[in-house]
Amino acid sequence: MAAAGEMSLLLLAALSMGACRSPSSDGTAPRPEPSADALHGRVTVAGKDASDAEVLVVRGGQVIAVLKASPAFEIPPELAAACAELRWIVRLTAPLGVVAAQPPKSCRGAFEVAIDASRVATLRGALLAPSGVTLDWVDVKLTPRVPEIDPTLVLADGPNPNLREALSVSRQTKAAFELPVLTGTWWLAADRTIDAPVGTKTGNLRLESVTSSGSGAPRAEFGGYTLEIAADTDVKLTLREADGP
Amino acid sequence: MPAQQEPQQEAPVDKNPEDGLAAPAADLVTISRGQIAEALRSPMASASAANALGASLGLTPLQIAALVAGRSDLKLTQTQYENLRRSVTELYQSRGTEAQDGGSTCGSSGSPTTTTGSKVAPVTTTNSTVTETTAGTTTHTEAVGSGTVTVRTDIKGTFGGSADHLFAFSYKGTDSADNHWLQFIHREIVGIHADGSAHPQVGSITTSGGSYQLTPGGTATTNGVPGQANYNTDTASSTDPFYEAGFINNRTADSTTMYDQPSAAVSRVQAAFAAGATRVISRAHFDTYLITVDHVVYHVQLTMEYDFTSATANPAPVSTMGAAGAATALPATIAAKFHAQFPAFAFIK
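Residue numbers (the working numbering), protein chains in the order written: chain B, 401 to 645; chain D, -18 to 330.
Bound conformation, chain D alone (with noise of 0.2 Å):
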């Protein structure tokens, strides 16, 4: 049986022996009877999807029966896990589908909890995933609705991996349950050439969430200007927009923050030496903007930048803020592209 749906061996359960469940083998994921009773109570839950995620577990409908009956823990191997993970995605999907055409969505900012209507779940779970060892520099600091907006820069932080230069963007304020951030990025690579002559690359850039294009047109001194195919929503998710959904975040109850450090994108760098570059440098830019419940509220630009003064340099990348405020909607160029993007999402204007 590819499931171990079973009780935990420590917790009291009424075991049915009936249900043929079996005994966990060792390193399982446990989904606790609560979790699931839970998520039972969810209005987006139904049998039919409840026998169609137990059926992509190959549980048997007595298996299943005995979960929805708040009769056992689900225990998972870490495949079983990942198939899970990956059938409630495509459940996202279908749900994101029915959003457009005014049903419910499912899912967001990382929270199992639901969307309804046109609205952003609220996320009332907390984590805590990146320890500050150092934190940065404040760089603006604003009232926006009932809370404040926060903006740090060049924070040393872990999070399983660990980064030297994170910037920050943090809410806080007792509402923070409705807000997420929703970031986009451009990037560009600019090769400097002996001559002083500029050359930004073209190319695709791949990410777990899509891919994009380069932003031509950038010099040493000046950006290029971004164009639809140029940006991208910033999320691990394909269906979940928001950077909280799988980028490193800490969310507590009345505070989300949103850590970043773009990569230097080596490879990039190194090409744009191979093609004749003598200095290169790498621009990340993001409009980030916090949108609370359904609309976007306020908007932060940043870029980091790289510069390589040579094919074997390790340059400190450097933070600059751009404009920060108020803000009422997505600019026309970036709206295109998310809602290309996230079209269950397409409420956001």
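Next up, chain B with everything else stripped away, as it sits in the complex (with noise of 0.2 Å):
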């Protein structure tokens, strides 16, 4: 018979082999074994798992919870057992987007939030910047403007007041980027800016103008531009020298 300290190990290295195992070969993570009393959530993207999605829950235009789809995620008893009362909101960084789920039909079981492909496109950028400046690094930005989401749910850096300056912030170091997004309206802004006292010169940027392949004209809004991305887009970003931070 095993001693208690073997079974230990055994058990250990069992949890662990559980841990570590590799997704299977279609990138679907294992589903976890639902209990009839819970309630699971899971995202998914174009039929795969989203593994990297966040689930806000919201209640009276609050955030309430945030939880981590990678990508099955478990939903507390509480929030479970008000789930009818509750919204959920989903945020994903691959492809980048907000969606608002529609609610669980059912306060047990399986809650899955499936989003098609063809909500899937790729933006497409180009960073021009002013004769004689070699661009080291901009801070690409974009937003979802959803208009069913309060850009403070958008926004939302967790369950109090504080928000993010944009959905995703990427640091650009070459002149072309590439990003999976959902469809949408968008507000995109980029610059480079050090901070530093008002008339120090640090060869901060900003951005002067967007052009789009997309249908109509980007918006100047905000310091960035608000645009329309139906389907994969090219997006020219012009940038300018700026007087300051």
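Hints listed in this document are in silico derivations from the structure and should not be mistaken for laboratory results.
Please read all numbers here as calculations on a predicted model, not as lab measurements.
Hints may be right or wrong, so weigh each one.
[As the list claims (entries may be wrong)] Residues from chain B shown here face chain D by an in silico Cβ test under 7 Å; the list is partial:
| no. | residue |
| --- | --- |
| 1 | E512 |
| 2 | E548 |
| 3 | G599 |
| 4 | P618 |
| 5 | F622 |
| 6 | G623 |
For glycine and all other residues, C-beta sits at the position ideal for the given N, C-alpha and C.
Got two chains here, separate frames each, mind docking them using the hints?
This is how it looks when you write it as structure tokens:
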């Protein structure tokens, strides 16, 4: 009969093996075994698990919890019990985007948020520096404008009033970038900002203009541009030297 | 040959043709043989360091020997000068590591003088970067050590650039060469929405001396409480923590004055409007310490606030002085950030 210590080691090894198990070849991670009384969520994009999603649980316009979907997520019993009166906002990083999920039909069992492949597009960007300026880095900022979701939810930094500057801030070090995004209306901004006292020359750059291969001209708004992304889209971001930070 | 090292045309020199020193091109930076000799007298100077720096400039051993022997000035192109600065910075960084182990720390407060042991080097050079066109308002004056600290706000000045709402901290005293300003910044961007709710922005601020996180928790009328991640040592240098190392300041034989006017962080402000704010408050908070030789002697707080009532507004900043008075050490949160950023200066407690 195995000693208690050996059993513990065996259990630990088994648990470790489980924790380290690789996703299957089709990119689908092992599914949890939901109990009949629990509410278990899952997020998929184009039929594949979205292992980087965040699920914001919203009550009365306030984020009350943020669940990590990797890709499955466990919904705490106290939230599951009130599932019918809650809103569920899913934030994705690849593709980048936000969707308002349909609430679960039942507060028990499986709750799947499925985003169709037709919602995924590629945003290809070209960063055009002013003459004589060598681009070392530029922060590209993207936030979806989703009519049914308030920006304070899109940008919520957890269950508190803090907001992110944008849904995504990516530091680009090359003159071209490519990002998978969900289709829809987006606010796009870009700058190179080194904070320093007023009047200090720091080589800062600001967005001068944006052109898009998509339908409609981008509209200047809040230091950035709002544009429609209905399919794969090419944008050119023309930068200018800034007077200061 | 990358470096044009040779005597100045106007100055009498003992040019040795065997040195192979080329004629200068236009727009060169000249380091005189006197400056080289002074540098070589420094306790930090060594033959190996000189050889390494010379080699980094592409100089031959013969040319390096000519410089060390005081037979020639050194003329550099702008590119070579920048390379030299980079080399010196790297040297500082390696010396900084030594200082942690009780070695010496090189170069503080923008001065080429050296710091030995656990002390900041005296700054014996002077400079007048800022020309004041309006002296502003004196908000505080206090005797400190053998001198006087003065706080002024809303100074107008030119310094290559210009600003209309500079604040300035001055120390005037016979021991000013041993006094240096060490400043810490933290920032808040608070969006106020139509329902009156306050939404502080989170995210990283990039500076030439490092990056730090915006401070959360503030409202229209109250300040957020910063943690270690929210503070940043306010310097343009990654190796020299003192404000005077790279930002605008004036230093005379008996005074040192630092000037600052933070930006409004306009791109952040715009993002807050994009997130639904109808008003955005951008605050920069400063905790500034006067360091004498190796220790804190004085602390002054100041906040500069920009209040944007619309996305197209261009508000003037308002400076508000906070606490000021004698101090003996940095607060723990600030010290932790400072020592993490500048371990070679851990002797400043």
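Query raised in the report: Can B:F622 be said to touch chain D, with a Cβ gap under 7 Å?
Result: holds, 4 Å
Query - Restraint outcome when B:E512 is required to lie within 7 Å of chain D by C-beta distance - result: violated, 30 Å
Requested in this report: Would you settle whether the hint for B:G599 is holds or violated, based on the nearest Cβ-Cβ distance to chain D being less than 7 Å?
Outcome: holds, 3 Å
Query raised in the report: Under the criterion of a CB-CB separation shorter than 7 Å, is B:E548 in contact with chain D as hinted?
Result: Violated. Min distance 14 Å.
Report task. Verify the interface restraint on B:P618: the C-beta must sit less than 7 Å from at least one C-beta of chain D. Result -> violated, 14 Å
Requested in this report: Go through the hint on B:G623 and say holds or violated, using the shortest Cβ distance to chain D against 7 Å.
Outcome: Hint holds; B:G623 Cβ to chain D Cβ min 3 Å, cut 7 Å.
Checked against the numbered hints listed earlier, the structure breaks hints 1, 2, 4; every other hint is satisfied.
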